[in-house]
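S.K.: If you want the building blocks of each chain, they are given just below.
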Amino acid sequence: MEPEHRKTDELVAARLDRDAERELADTGSVALAVMSRMQRGAAEPKRRRVWLFAAPALAAAIVGVASLAVVLGTAGRAPVQTTTVARGETAAATETVSETGRSKRIGLITAAERLSAMLETPRDLEAEAARDTTRRIARGTARTIAQSLAILGRLSSEEPAETPPVAG
Amino acid sequence: MAVAGPGRNDNGDPNRVTSVLAQPFSLVETPRTAERGVTEDAALVRRARAGDEGAFGQLVRRYENRVLALSRRATRTRQDAEDVAQETFLRVWRALERFDTARPFAPWLLTIAVRTARSHAAREHRKRMIGLKLAEPAPPPIEPATADGTIWEEVDRLLPLTTRLALWLKHGEKLASPAIAAAIGKSETATRAIISRAHRTLRESLDKEALDGT
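As given, the protein sequences belong to chains A and B, one line each in that order.
For the record, in the first sequence the residue sitting at position 130 is 130 according to the numbering used here, with numbers rising by one throughout.
For the record, in the second sequence the residue sitting at position 45 is 45 according to the numbering used here, with numbers rising by one throughout.
Everything labelled a hint here was simulated from the structure, so no lab data went into it.
Every residue gets a Cβ at the ideal spot worked out from N, C-alpha and C, and that includes glycine.
Be careful, since some hints might not be right.
To be verified - Incomplete in silico selection of chain A near chain B, CB under 10 Å: (1) 9; (2) 21; (3) 23; (4) 25; (5) 26; (6) 33; (7) 134; (8) 141; (9) 145.
Please put together the full structure from these sequences, using the hints given.
M.R.: Below is the structure:
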């Protein structure tokens, strides 16, 4: 630090010290007010006020978190649905299917039986998706068949192509 | 109504406030760091803990001007400064059980005062931010503590809150850097830097005549 600045800083410090004494000479009526507030119990209501606001807020937060947990739980893990599938006349296999497909317990069951089991589960998203796929396949197949039949029909109704005149 | 604090002894006398404050004050002087003051503070704290509100009243009287002066560093008006000082002593009363009487009372009290002053400043800032004070005119200029003003007016006008408080603890309270650092919640190095920067700001702001003058 430059000597000039050091000297000025010393002046600043000296002035701060000197004026601090004057600030300290300024007395207030704090003691009287404090003792009065203590005897009125002013120290306690503030804490009560805090709880007055904190308790409902805390209760609302708990209810909110619980509701959110229920909503998320419902969305993430749907109720497990159980479908009993008859397998021939001898035995039955039980399959537990969840919407997420995580808790599947697949017994000895064929793919066809599994598909039919899902189709019989009205709230099963997987089954609904399978149904949609089946419908799309059926529609596509029907359309293809119809188009094929139309082509065949058109071909059969058409006159045979004119043969070029035979010369001579 | 019961007062939250150490062993209260309420006799229901409405005139007790003035009677408590009228009790003979054991110290004529209020030495800031003298050993005698430290031991007497500890004795007063022990009596206050036992439910002697008179002893706590003596503590408040002993330190009220110091807490008030520190509170002025965080407030614009004298009324606000008195509110902060009152709140500080009420917090002290509630926390008296936690005070270690083997240590000096003043730094502990001043640390609580610093935190109360900061809370007040933050609360005022929040009020301004959320527009509760939109209808009010611009904040008034800082009231000087004395009629002819002091350099502390410039401090309050130019410097941020933490710097003002640190500067007061150094020049108003003559605390050492570790105690200042503990009170404002900074490291010693940071505290020295804050105070040094404050001196530089004041040096650049004030001309030499102003510094030499009274």
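S.K.: Given residue 145(A) as an interface hint, is its Cβ closer than 10 Å to any Cβ of chain B?
M.R.: violated, 71 Å
S.K.: Per the CB criterion, is residue 26(A) less than 10 Å away from chain B?
M.R.: holds, 5 Å
S.K.: Holds or violated: is there a CB of chain B closer than 10 Å to the CB of residue 33(A)?
M.R.: This hint holds: residue 33(A) lies near chain B, its Cβ roughly 5 Å from the closest one there, short of 10 Å.
S.K.: Does residue 9(A) meet its interface restraint, that is, does its C-beta lie within less than 10 Å of any C-beta in chain B?
M.R.: Holds, about 5 Å.
S.K.: Measuring from the C-beta of residue 21(A) to each C-beta in chain B, is the shortest one below 10 Å?
M.R.: holds, 9 Å
S.K.: Once the shortest beta carbon distance from residue 23(A) to chain B is found, is it less than 10 Å?
M.R.: With a minimum Cβ separation of about 5 Å from chain B (threshold 10 Å), the hint on residue 23(A) holds.
S.K.: Is the interface hint for residue 141(A) satisfied, with its Cβ closer than 10 Å to some Cβ of chain B?
M.R.: violated, 66 Å
S.K.: Do the numbers back the hint for residue 25(A), that is, is its least Cβ distance to chain B under 10 Å?
M.R.: With Cβ-Cβ at 7 Å, under 10 Å, it holds.
S.K.: The hint names residue 134(A) as touching chain B; please verify it with the least Cβ-Cβ distance against 10 Å.
M.R.: Not OK, violated: residue 134(A) not within 10 Å of chain B, min 59 Å.
When each numbered hint is compared with the structure, violations occur for hints 7, 8, 9.
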